[in-house]
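Q: If you read the sequences in order, they're chains A and B. If you use our numbering, the first sequence corresponds to residues 1 to 460, in order. If you use our numbering, the second sequence corresponds to residues 1001 to 1460, in order.
These are computed hints drawn from the structure, not numbers from a lab. Even for Gly, the Cβ is constructed at its ideal location relative to N, Cα and C. Check the hints yourself; a few may be wrong.
Unchecked claim - Chain B stretches covered by chain A per the calculated footprint, using a threshold of three residues with CB under 8 Å from any CB of chain A: (1) 1118-1124; (2) 1323-1336.
Stated by the list, open to error - Selected chain B positions facing chain A (Cβ under 10 Å, derived; list incomplete): (3) L1078; (4) K1080; (5) S1083; (6) M1106; (7) A1108; (8) M1296; (9) L1387; (10) V1432; (11) D1443.
Claimed, not checked - The list that follows gives simulated cross-link-like pairs (lysine to aspartate or glutamate, EDC-like), each with its CA atoms no further than 16 Å apart: (12) A/K227 to B/D1073; (13) B/K1274 to B/E1065; (14) A/K224 to B/D1249; (15) A/K29 to B/D1207.
Number of protein chains: 2
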Amino acid sequence: MTYQKESFENLIERMEAFLNEKKYVEARKNIIDLEPVDIAYIMESLPEDTIPVVFRLLPKELAAEVFVELDTDSQESLIKGFSRAELKEVIDELYLDDAVDIIEEMPANVVKRILATADPDTRRDINNILQYPEDSTGSIMTTEYIDLKSHLTVQDALKKVRRVGQDMETINVMYVVDKDRHLLGYVSIRTLLLAEEDQTMAEIMDDTIISASTLDDQEETARKFEKYDFLTMPVVDKENRLVGIVTIDDALDVLMEETTEDIEKMAAITPTYKTYLNTGIFETVKSRIPWLLLLMVSATFTGQIISSFEDALAAVTVLNAYIPMLMDTGGNCGSQASVTVIRGISLNEITIKDLFKVIWKEMRVAVIVGCILAACNFVKLMLVDKLLFHNPITLTVALVICLTLIFTVFAAKLVGCALPILAKTLGFDPAVMASPFITTIVDAISLLIYFQFAKFLLHL
Amino acid sequence: MTYQKESFENLIERMEAFLNEKKYVEARKNIIDLEPVDIAYIMESLPEDTIPVVFRLLPKELAAEVFVELDTDSQESLIKGFSRAELKEVIDELYLDDAVDIIEEMPANVVKRILATADPDTRRDINNILQYPEDSTGSIMTTEYIDLKSHLTVQDALKKVRRVGQDMETINVMYVVDKDRHLLGYVSIRTLLLAEEDQTMAEIMDDTIISASTLDDQEETARKFEKYDFLTMPVVDKENRLVGIVTIDDALDVLMEETTEDIEKMAAITPTYKTYLNTGIFETVKSRIPWLLLLMVSATFTGQIISSFEDALAAVTVLNAYIPMLMDTGGNCGSQASVTVIRGISLNEITIKDLFKVIWKEMRVAVIVGCILAACNFVKLMLVDKLLFHNPITLTVALVICLTLIFTVFAAKLVGCALPILAKTLGFDPAVMASPFITTIVDAISLLIYFQFAKFLLHL
Chain A
1 MTYQKESFEN
11 LIERMEAFLN
21 EKKYVEARKN
31 IIDLEPVDIA
41 YIMESLPEDT
51 IPVVFRLLPK
61 ELAAEVFVEL
71 DTDSQESLIK
81 GFSRAELKEV
91 IDELYLDDAV
101 DIIEEMPANV
111 VKRILATADP
121 DTRRDINNIL
131 QYPEDSTGSI
141 MTTEYIDLKS
151 HLTVQDALKK
161 VRRVGQDMET
171 INVMYVVDKD
181 RHLLGYVSIR
191 TLLLAEEDQT
201 MAEIMDDTII
211 SASTLDDQEE
221 TARKFEKYDF
231 LTMPVVDKEN
241 RLVGIVTIDD
251 ALDVLMEETT
261 EDIEKMAAIT
271 PTYKTYLNTG
281 IFETVKSRIP
291 WLLLLMVSAT
301 FTGQIISSFE
311 DALAAVTVLN
321 AYIPMLMDTG
331 GNCGSQASVT
341 VIRGISLNEI
351 TIKDLFKVIW
361 KEMRVAVIVG
371 CILAACNFVK
381 LMLVDKLLFH
391 NPITLTVALV
401 ICLTLIFTVF
411 AAKLVGCALP
421 ILAKTLGFDP
431 AVMASPFITT
441 IVDAISLLIY
451 FQFAKFLLHL
Chain B
1001 MTYQKESFEN
1011 LIERMEAFLN
1021 EKKYVEARKN
1031 IIDLEPVDIA
1041 YIMESLPEDT
1051 IPVVFRLLPK
1061 ELAAEVFVEL
1071 DTDSQESLIK
1081 GFSRAELKEV
1091 IDELYLDDAV
1101 DIIEEMPANV
1111 VKRILATADP
1121 DTRRDINNIL
1131 QYPEDSTGSI
1141 MTTEYIDLKS
1151 HLTVQDALKK
1161 VRRVGQDMET
1171 INVMYVVDKD
1181 RHLLGYVSIR
1191 TLLLAEEDQT
1201 MAEIMDDTII
1211 SASTLDDQEE
1221 TARKFEKYDF
1231 LTMPVVDKEN
1241 RLVGIVTIDD
1251 ALDVLMEETT
1261 EDIEKMAAIT
1271 PTYKTYLNTG
1281 IFETVKSRIP
1291 WLLLLMVSAT
1301 FTGQIISSFE
1311 DALAAVTVLN
1321 AYIPMLMDTG
1331 GNCGSQASVT
1341 VIRGISLNEI
1351 TIKDLFKVIW
1361 KEMRVAVIVG
1371 CILAACNFVK
1381 LMLVDKLLFH
1391 NPITLTVALV
1401 ICLTLIFTVF
1411 AAKLVGCALP
1421 ILAKTLGFDP
1431 AVMASPFITT
1441 IVDAISLLIY
1451 FQFAKFLLHL
C-alpha cells in the first residue's frame, strides 16, 4: 500500500459515513494499514461516542499501539468502558514503559483497576518503575530488554533472541551481565550475527559502556543519546546492576519536552507539559500570570526613575520621544545575548568555566554593534526626524541619544550574557534569565544612562 | 572498563605529560577505550601541534570515528598533513553521510584532494549526495543500507546480512525492493530472525511504509521520526525507487539544529549554524545587526506618537512614568502568546485551520489576565505609588492606567497569537514573528490606547 500523503480529512469523512451506516468491515479496511499515531488522530477527529466502536474494530496488537497514541481523556473513557477481559488484553499488549506513562496520567480509581487486571509480574514491574521520581531516568526506562550471561555462546544467545525477542522493545542492542546482574558490556545484533557460533558473549562484547543511573536526571540521560548517537542505553542501580534500558524514542520525547519547557521559560511562562490546544483557559492564565505580575511590579523602578527626572524631561520634551527606542533596542540586544547563551548552556556548549570567554566576546560584539547602531541612528535623527518631521533636535540632543545607545547596548549585552551563566552557577534555571527578565533590568539601566548624559551634556 | 564519569580535565593533563615525554604507548592506552566524541574533545583540548600525533596513535577504524567528531578546523589541518595513503585510509573507513558532511565544510582544494583519493565507487556516491540542495532529505541520507529483493528467502537474506552487514550504517531495518528497485516494504532484523528459513521477503515484509523523497525538506523528514518513532526511514526518488536511507542520529541532529534556529529567530538573530564559541566576532555582529537596525528604525513610530501627545504629557507629567510599565507588560503578554504559538506550529500541534480556535482561546485568556493585572496594578498605584512614594495619582489617572492595561493585554495577546499563524499561511517563517517584532507593534498600540484614554478621561 502507498501511504496516504494528503491530509486525512477525506478519510475522516468517509469513516463517519461508514460508521453511521454500520459498515464496519469497510471502516476497518480503511484504517487498518495506517500507522498507530495516525489511527489515533482519526479516531479523535470522529464523534466521541464512536471511539470505542472503532477501537474494537482493530486487531489486538494494533489496538494496544493505537491506545498508547490517544490522548489521556480518550484513554480514560475507553478504560472506563472496557470489560475486565478487554482491559487485560490491552494492558498485556502494551510495552511496559508505555503502560507506566499511561498510568501516571490516570486518576487513582482507574489506576487501581489497571493494576488489579495486570498479571502479577507486570504489576510488580509497573510498581517498580512508578516509584522513581518524575524527572529521573528510572521513570522513562523499560524493563523489557534482552540480557545475556557472559559465558553464553553466540548460538545460545541467538536462540534466546528468537525465543524472547518478540516481547522486547528492541533487540538491536543486548546487554551482557554476570551472575549477579552486574553490567559487563553490550553486544549489538550485528555483532551477534557476524560472530562465530561458539564464541562467548565475554569474547565478542564491547566493554566500553556508558550507562545511566536510575536517579540520573532524564534530560542528562537524553543529552547522552544526542552526544553519543546511541539507540539504547542501559540503566543501572547503585551497585552497577542492570535494571532497565532507555530507548531513543523516549529520549527524543524528553529532549523535545525539555526544549519546549526552555522556550516557555524564556518567554516568562511556567511550563504546563501539555500541548497548547489541550491546555484549559485557566491553566494557561495560571502559567502566565505570575511572571507578568512580577515584571509589572518591577517596572515600578523605571517609573520612579522617570518621575525623578520629570523636570529635565519637561525642559527638553523631545527627550521623551526616544525613551521607547532606547529601551527596546537595549531589550533586544540583551535578549539576543541571553537567548544565545541559554541555548548554548542547554546544549552543553557553554559551561561555567566559559564565563569570561563569553563576556569578553560579548563586550567586543557590543562595541561594534553599539557604534553601528549609534551611527545609523545619528544619520536618521538629523535627516529624518529633524529635517522631515521637524522634531526640535539639536546636535547635543542627538549626541545624548547616540551615546546612550552605545552604553545601553554594552550594558545590555553584558547583563544578557552573564546572568544566565551566573544563574546556572548558583543552581537556578538559566532559561528564566531570558528576554523579559533582562528587559526589565536593561530598561532601568538605559534610563539611568540616558538621564545622566542629558544632565551632563544639556546642563539640566 | 568503567566509563570515566568525572570531567576529563585530569586526563587531559596526564595526556599532555605523556606526549611531552614521548610516552606514546601510555598516551594511547589512556584514551583508546573512550567514545570517539570524547577522544575528539580531549584532542582539541591539547596543544594544536599534538593533534596529528594523537590521531596517528589510534587504530584505523577508531581514527575515522574520531575524525568525524573533530571540528572543521582540526579536520582541515589534519587532512592537509595527511599522506595520500593516510587520507585514503580515513576516507574509506568513514560512513558515506559523514564523508559528505565533512566535504561540505571543506575549502575547494581540500575537497578536490579528498575526491581524488577516494575509490571510484565512493567518489560517485559522494558526488551523488552532494548534488542535493542543502536542506533536502537527500543531503542527510546515506546510501549504505541493505536492500533485499522480494523473492529472497530468509536464509539467503541472513547470508547477505552476514556478508555485507559490517559496512552498513545499520542493519536494524532492511528494505525490500523489486527488480527495478521500487520500494515494496521493510523487514526488521527481528522479523528476519523470528521467521522460518524458507519464507520469502514478500511474505514477511511489512508493506505499510512511510518514505521521504530526496527533495523533501530535511526538517519535515526529521519530524516524522519524532511522530512515528522510526529508527530509519527510506528515501525514494520521483519514481518511488529506493535511493538511500536516513538514520535517527542524523534526524536528531536536524531537529536540534532547527530548534536552535527557531530560538535564534525568536530572539531576532539570523541563524549561523555554528556553536556560540566557534562563531567569530564579526559573524556574530552580522547575525545580530540587521534585526536591531530594523527594530530601531521601527521605533520611530512610537517616538512620533509620544511627540504628538507632548502637550498632554506636559499637562499631566505623571503619565510619563507609566509608559515603560505599559509597554513592557504589553510586550511580555504578546511574546507569551507568540512564542507558545510558534512552538506549537513547529511541533505540528497548531496548523492554519486552528487560527480561530487559537484566537478565541487567547481572547478569553487575555480578558482574565488583563483584569487580574489591572486590579493588582490599581491597588499598587493607590497604596504604593500614591501613599508611599507620594506620586500625584488621582483616581482618574489610575483608571486611565488600568483601562489601558486591560486593552493593551487584549491587543498584545491577539497580535501575538495571530501573527505567527498568518506568517505561516503566507509562507513566511513564523519564528520571525516572535517577541522583538511583536514588542514593536504592541508598543505603538499601547501608547495609542493610553493617550486616547488620557485625552478622554482627563479631558486633555
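Q: Could you run down the list of hints and mark each one as holding or not?
A: Now for the hints, and whether the structure bears them out:
1. 1118-1124: violated (count 0)
2. 1323-1336: Holds: 11 residues of the stretch 1323-1336 of chain B have a Cβ under 8 Å from chain A.
3. L1078: Nearest chain A Cβ about 21 Å off; hint violated.
4. K1080: violated, 26 Å
5. S1083: violated, 29 Å
6. M1106: violated, 22 Å
7. A1108: violated, 29 Å
8. M1296: holds, 5 Å
9. L1387: violated, 14 Å
10. V1432: Since the shortest Cβ distance to chain A is 13 Å, the answer is violated.
11. D1443: OK, holds: B/D1443 within 10 Å of chain A, min 6 Å.
12. A/K227 to B/D1073: Roughly 20 Å between the alpha carbons, so the hint for A/K227 and B/D1073 is violated.
13. B/K1274 to B/E1065: violated, 21 Å
14. A/K224 to B/D1249: Holds. A/K224 to B/D1249 sits at ~12 Å (cutoff 16 Å).
15. A/K29 to B/D1207: With a Cα-Cα distance of about 15 Å, the restraint between A/K29 and B/D1207 holds, given a limit of 16 Å.
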